[in-house]
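J.: All chains should be built: construct the whole structure from the sequences, respecting the hints.
Going down the list, the sequences are from chains A, B, C, D, E, F, G and H. This note's numbering numbers the first residue of the first sequence as 1 and each following residue consecutively. This note's numbering numbers the first residue of the second sequence as 1 and each following residue consecutively. This note's numbering numbers the first residue of the third sequence as 1 and each following residue consecutively. This note's numbering numbers the first residue of the fourth sequence as 1 and each following residue consecutively. This note's numbering numbers the first residue of the fifth sequence as 1 and each following residue consecutively. This note's numbering numbers the first residue of the sixth sequence as 1 and each following residue consecutively. This note's numbering numbers the first residue of the seventh sequence as 1 and each following residue consecutively. This note's numbering numbers the first residue of the eighth sequence as 1 and each following residue consecutively.
For the record, the hints were derived by calculation from the structure and aren't laboratory data. Take the hints with a grain of salt, since some may be wrong.
[Stated by the list, open to error] Which residues of chain F face chain B? A few of them, derived with a C-beta cut under 10 Å, are:
1. VAL42
2. VAL54
3. SER56
From the three backbone atoms N, C-alpha and C, an ideal C-beta is built for every residue, glycine too.
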Amino acid sequence: MVDKSLELFDCGHRACGGCGPALLARLILKGTGENVIVVASTGCMEVFSTPYPETAWKVPWIHSLFENAAAVASGVEASLKHNNRTEKVVCICGDGATFDIGMLCISGAFERGHDITYICYDNEAYMNTGIQRSGATPYDASTTTSPAGRLSTGNSLPKKDLPPQILNAHGASYVATASVAYPMDVMKKVEKAVNTPGACYIQVHTPPCSTGWGGFDGSKTIEIAKQAIECGLWVNYEMENGELTAAKKVRRIPVETYLKAQKRFRHLFKPQAVTEEIAKIQAIADANAKKYGIDIERNE
Amino acid sequence: MVDKSLELFDCGHRACGGCGPALLARLILKGTGENVIVVASTGCMEVFSTPYPETAWKVPWIHSLFENAAAVASGVEASLKHNNRTEKVVCICGDGATFDIGMLCISGAFERGHDITYICYDNEAYMNTGIQRSGATPYDASTTTSPAGRLSTGNSLPKKDLPPQILNAHGASYVATASVAYPMDVMKKVEKAVNTPGACYIQVHTPPCSTGWGGFDGSKTIEIAKQAIECGLWVNYEMENGELTAAKKVRRIPVETYLKAQKRFRHLFKPQAVTEEIAKIQAIADANAKKYGIDIERNE
Amino acid sequence: MTAAELIATAAFKSGVYSQAFPAFGVERRGAPVQAFVRFSDEKVRLRSQIYEPDYIVVQDSSLIADVDVFSGLKAGGIALVNTENGNFEGVPEGVKLITIDATSLALEILGLPITNTTLMGAFAAATGEIELESLEEALRERFSGSLAEKNIAAARRAYELVKEGGQ
Amino acid sequence: MTAAELIATAAFKSGVYSQAFPAFGVERRGAPVQAFVRFSDEKVRLRSQIYEPDYIVVQDSSLIADVDVFSGLKAGGIALVNTENGNFEGVPEGVKLITIDATSLALEILGLPITNTTLMGAFAAATGEIELESLEEALRERFSGSLAEKNIAAARRAYELVKEGGQ
Amino acid sequence: MMQIMEGSHAVAEAAKLCRPEVVSAYPITPQTHIVERLAEMVADGELDAEYLCVESELSALSVCLGSSAAGSRVYSATSSQGGLMLMAEVVFNVAGMRQPIVMSIANRALGAPLSIWNDQQDSISLRDAGWFHLYGEDVQEMTDQHFIAYKAAEQHDVLLPGFVCFDGFILSHTYEPVDIPTQEEIDAFLPPYVPYNKLDAKAPISMGMYAPPPDYYMEFRHETDQALQRAGAAISAAGKEFGEMFGRDYSGHTESYRMDDADVAFVALGSLCGTVKDAIDEMRADGIKAGLVKIRTFRPFPATEIARALAGVPKVAVLEKNISLGSAMKGAVGPEVKDAVTGTGIDVYSYVLGLGGRDIRKKDIRAIAALAEKGVGNTFYGLRTEVL
Amino acid sequence: MMQIMEGSHAVAEAAKLCRPEVVSAYPITPQTHIVERLAEMVADGELDAEYLCVESELSALSVCLGSSAAGSRVYSATSSQGGLMLMAEVVFNVAGMRQPIVMSIANRALGAPLSIWNDQQDSISLRDAGWFHLYGEDVQEMTDQHFIAYKAAEQHDVLLPGFVCFDGFILSHTYEPVDIPTQEEIDAFLPPYVPYNKLDAKAPISMGMYAPPPDYYMEFRHETDQALQRAGAAISAAGKEFGEMFGRDYSGHTESYRMDDADVAFVALGSLCGTVKDAIDEMRADGIKAGLVKIRTFRPFPATEIARALAGVPKVAVLEKNISLGSAMKGAVGPEVKDAVTGTGIDVYSYVLGLGGRDIRKKDIRAIAALAEKGVGNTFYGLRTEVL
Amino acid sequence: MALRIGCAAAPGRAQDNKTGSWRVFMPVVDMEKCILCGTCVLICPETAVSDKDGQILFDLDFCKGCGVCARECRAEAITMIQEEK
Amino acid sequence: MALRIGCAAAPGRAQDNKTGSWRVFMPVVDMEKCILCGTCVLICPETAVSDKDGQILFDLDFCKGCGVCARECRAEAITMIQEEK
Ligand SMILES: Cc1ncc(C[n+]2csc(CCOP(=O)(O)OP(=O)(O)O)c2C)c(N)n1
Ligand SMILES: Cc1ncc(C[n+]2csc(CCOP(=O)(O)OP(=O)(O)O)c2C)c(N)n1
Ligand code: SF4
Ligand code: SF4
Ligand code: SF4
Ligand code: SF4
Ligand code: SF4
Ligand code: SF4
Ligand SMILES: [Mg+2]
Ligand SMILES: [Mg+2]
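T.: Have a look at this one:
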């Protein structure tokens, strides 16, 4: 077991107050311990943690570009392997870097099966560049490139189902989702992933990018994250060698509660409620619940 | 129904004698008819069919680069849509262009859900550049970048399971596999795909790239293709909205028959048979058979 | 709409050429930011940052402890500071300090601690560089309905306060 | 190993500087291809294609109908053609034509219609530019065991045939 | 109508007025406000275009290529390493395929180290690629250049893509007055796009074939170069026509400022020119006879015009917001300017300045004039020696 | 030992002798034979390296970056548009991150139109990126340049990546004699790589940070430029040491051939130099005093050496297998050569030739000399006017 | 001939390249055996087989002699023979 | 200060950036209510909370005043107060 009291992510970084990804950085390093090498993609976390010469990372850290972290990590791993070194290699990348522009390098790295853990911090948009849509942006969320408008109710595509299907298809050893709402769970899964041989993937909901989601202040980071889970729009689960092995059960609340708290969904409620759109989102949560079997039955 | 007698792919192209992809080009255009726009990636088919000014394509055809055909097709489709034009948009790309370097643009195009049909002609390696390994190269095949040698039995990775899982995960409307061994089936599936709204994917086994596989002459193009199906290493199936709807059943023959005919597997038999490797390949065929339920039961 | 853009727009409405630009940083929400405005009767061509301003506006006086906000302010210049109390160190000699409690004012009139419009009203009064009417016009263009009216009311109130003698 | 490489290697073994390169095409299997060799006592620096060869070797005489294979061949040059029968049009004046049925020979000795080595034996005999020993050495380096011996036998046989008067 | 707005929004307005049928771009600082504004316009029905929000720049420009080949007018915008460099292969490809795509470049530095701030390394580094390059000095000019770019690009004797470049943040994020033409005016200036070649089942052609062995490639490259030279004339003609219609003339590939009797001339591109002009006024007031030759069209390189403008000036200081690492002059523009004035005895020096957003002030311009007088050049200017 | 082998195989041998720990590359004509040979060596246990067969060039160079940052010596090879241009962003990045990666470039044309044949557009188009560029004339030279490249790149006052460029097909696919050093010899020449900085949990650092506002970026660029200048000295020193050990001296960034009393000098890079030398011999025999300055190191640009070599020659013809489309001289090398001889009165002309594999013969070189004499230049040479 | 802008071309010229010259063996059909199933017409990669008025015809300008038609003809009606050119 | 090759740096300087200056509200803990569950220590994105000798301490040099600790403290032991700087 790694020492959970280790603080390997330094204070003084420039994240917004209450930033979920900033909290996640701390938690990940608690899960990995200090014998790790972190590979980052361009994005909010990279920017807020490493303005030269003030790095917040007390473990080895490298950033090259937005789209190539998985390939850089492959290279790091190959070098370590060649020299029988023991550091774990962990990518920490945003959802844009993962779902969109990084797909090529990720596909290659997972196919080659490097012994790396790829962690996607999913704040559901490109925050660093000002809240543009990514493949992880949920249906109907208004972002600057999928704005709600006269002809639009926001993002017209569902959140891409990247981890379970795509990465399992590439032969990932371990695939899990987690949320900053449950810090111990994050740490546990990270620890498990870095100790699982082969390419592993963890996607962590770090919703409370209050800046990007809007409508609530930074203090609600964790509260909103919990709501996402409680309404079924986010499911925390684990898959090993392609099989679902665990999923967090909940007594579900309606998606409205979660949506209403956020500015990016405001157009669904103002000037008046767009019921058919809300129903579609509820259907997504219902489908998730069914797929992962997360509903706690009445008598449970 | 389109006119099957139309010849839209001209003779005079420079493919090897007995080239499977060349035959496929003909078949595809019989399936689409002439109201089509073809988008090609760099590769054997592009090179043998379009040395300036001698194009073999009697339908509109465009080639840009190796990695971006799906994006170019997206652009073509967007333009047609804007102008209410009726041409079907069809990508015809090699397995290298599809499984490896094209993954980024493909992922984007399928996520956006353009009304395109993406056809991968799968000769299981990079033929144009001299038979290098691709993500579609089967396990243990010797290629110039995955050569068999003292420390190697050829390609160490299994053929990537691209179409069913990955593209379905992206929301493909129709996903099918086919083989030049069954020309009418190819034409039928192409016709179905171009008439299905949304992004469709067909992967066609065009094995008999005799140059790249070796060990047999061009006349066996179709024969070898049939063997691939008969041994279960290639399965012809269809999936609609993610559900398997059809798979060609066979009375399976052992994989040896198929492997032995090809130079790329020769190291598995010479100087002596590497039985554990052959067994692994047999296991792949067995797993396919099970997954797709293709075995004809004795009493069938 | 940042305060700088608001001044520029109001100036533009007053028939003056103006240019507003932020000090382009990567700061996240919460960190201090800076913006510049130039206005002139002629077209403004200069693109460098402003090192010797005629006026400075400080939206959050707590910064004064950490940052030398008055640096470069020209003698005869005006420093307009949003604050509850009025004493600061480091105000250069020859500089006129005007303070206003824009936060309270904004909370009172807009119901939100957003001080841009309030401060711009004060700025118009303090400097005479932009006309209250132009500012109102700019606000009306930017906001709609009751929001515009509230903002105008805030700007006007601040204008009056400063005209009445400030503080 | 192409015939061109084989000549170059044999020449190199004979202590002569040599350079072999294909006419880089994109042709697929089956289409005619072309390759060049230069050799010289000094280092070969020139990199252009060869337009006026001293020798030409035609591996497939059916090409002669479609392509002007003899073009540029210098007067006094030698054309070595693999063929069953020996009459061609278009052989330039002053050129010595030597034909050999390398395919049959190869089939006989190697069991395969691969004519490289056979033709090289003939080339050695026809031109005197490379020594049979060097060719054998090159073949031994390239092939192993019985394959080498067979190829050497084929080359030697062709060499003898040409020496005996060709055809 | 004169309005005050952010540079990016003015560009978005310009793009909209050109009536692109397809817009495809990928966000990157400092280009984002342009594409966000366009997304809004489409969401609100103000702009009737297919707006493709893609997964990378590689796709963004490839999509444009496809739409253009199918006969549509298309628009894109990008910046910097991530943007322009990730699509570099497509950039070369589009020129060779002769698609008249217009792409705005919010100029930004290239990393590593990562910098989101302005210099012109991005577009300058693709100066070989066959696109024409226009650089704007202020929001008005860069806005107008979009209309001119489409008009020139689509001429059938041109058919080449073009960059409209403007300094990131310094122009893209600056709020200033700009005259935005009306739709009617632009419709009168810029007719609908008439493709020369297009993908069409009714008249099939093959596009982007390969040039077999060494038979045609060189001639195609030559033809592209010729077309790019012709683009120069087309830009000039469009700029003149624009001037006649809107009162702002852009017929010159360069603009001379107080060059009449100059002893020292600056050569510069983009927003820096404004600061240089102010500095020149100051210098002139102090008796230093300085002038500026602003390059508006950098590709095709207007060598003759530059030579004419610089004729008789003893010292020329090329202000470069770029560096060709490891080259002798350091800046990439310097050698071309030098070539333009061959044999005239004019001394040309490059000064690399303003990289990665380093601010440039009037006093810097004056200091550079002094260096040029002294014959010191081909160097970085404005390093913070304390951190070296 | 002298052996006869294909250029690509000689390069693979050279790469192997340098003992890279990680090799990552993606196939592209005409580089393929190199990577195929390396794959074989790894499969047969001849080379103890991690060989990563990746899905694209974007990954190929990114993998190298990661391995290099972790402390390994790495090797890659590529070519052309697909290769070099698809990784363009990484190319700039690697230089800024100061990783001493060596990458072979089998030079090839850039499309569209697609051409797999040789010219030097690919590496030339990335001349701003901060890598050093070596060009080989024949198989021997290009082989030897790999040893020199690693040695120079890894000096702690350099720490920059380098291209070893050689003409695709013309050298990569030519079979000719080459002296391949033994492993012992190379081990003696090239010591194991000692990283200056590396990713190591025992001494954590952050690599590839961003340069905040305008505080550091420009200084980092300056430092990279300085390091690239120092690379020049390191290449020269390594070339000299190599000469002492192996008898083939590469201390010069240029090589002069019969320049002594030349009336016309050619400047060229790569395999063309051989043909030029033969042409010069012929011309000299005919009483035409021609000479050649071959550029071996193109980045850093050896301006002083070139100026020295060209001193006193009235006419200089720069032979360019590239075109900077829309530039005035057309070739990209010309303006830099011209700059190098500023003020000497030497006339410098560019001739764009040999694009996309167009063959270049001795008579072409002679014809160009005649054009230069007549003062006709900055033009394409050798177009097939019948197809224009 | 002017170069077509962008390396584009209209169809029609492919047939300039007479790939029949590549051929070593030549297909001949025995119409006695042929059942006119059409397979050879469908599967020739060169579009070199046609079925006209009940006759199977080979276009020898383009037939590369690959032998696919012969092998796939279930009536064994096609034979590949050594050709004297 | 020499620039570190490749824009690299060793840890240690992040703390130069005293993010406490961003703060508007300040957390204060009521140790009477605190049950020392450790949540606030674990979840502060600024690593600004520590637990020393049974006391919850805030590092005001770095606390940005985001209020996450206060909201997540299930004992409601933390209050965010307006700070007089
Ligand atoms: C190739 C490339 N394209 C675009 C960019 C600009 N860019 C930098 S970060 C970013 C978005 C990052 O989004 P995400 O990965 O979700 O991380 P977040 O900012 O949300 O933390 C973008 C578009 C870039 N750096 N490189
Ligand atoms: C970006 C890029 N990398 C590499 C190449 C070189 N290249 C051209 S085609 C090809 C392989 C094509 O393989 P595949 O898609 O399977 O088609 P095939 O040749 O087998 O028909 C390669 C590697 C290229 N053109 N562009
Ligand atoms: S924008 Fe979101 S992800 Fe970025 S620092 Fe702020 S809260 Fe964190
Ligand atoms: S190599 Fe294979 S795919 Fe290419 S032309 Fe030959 S048979 Fe067809
Ligand atoms: S395949 Fe055989 S039977 Fe069928 S049509 Fe052809 S020749 Fe006749
Ligand atoms: S031999 Fe091959 S090319 Fe000739 S007709 Fe038969 S199938 Fe066609
Ligand atoms: S969260 Fe509350 S109860 Fe728990 S340690 Fe912190 S202050 Fe005490
Ligand atoms: S208010 Fe926020 S930053 Fe401050 S101690 Fe609490 S959680 Fe940490
Ligand atoms: Mg994100
Ligand atoms: Mg293939």
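J.: Are the hints correct? Go through all of them and say.
T.: Going down the list of hints, with the structure as the test:
no.	hint	result
1	VAL42	holds, 8 Å
2	VAL54	holds, 8 Å
3	SER56	holds, 4 Å
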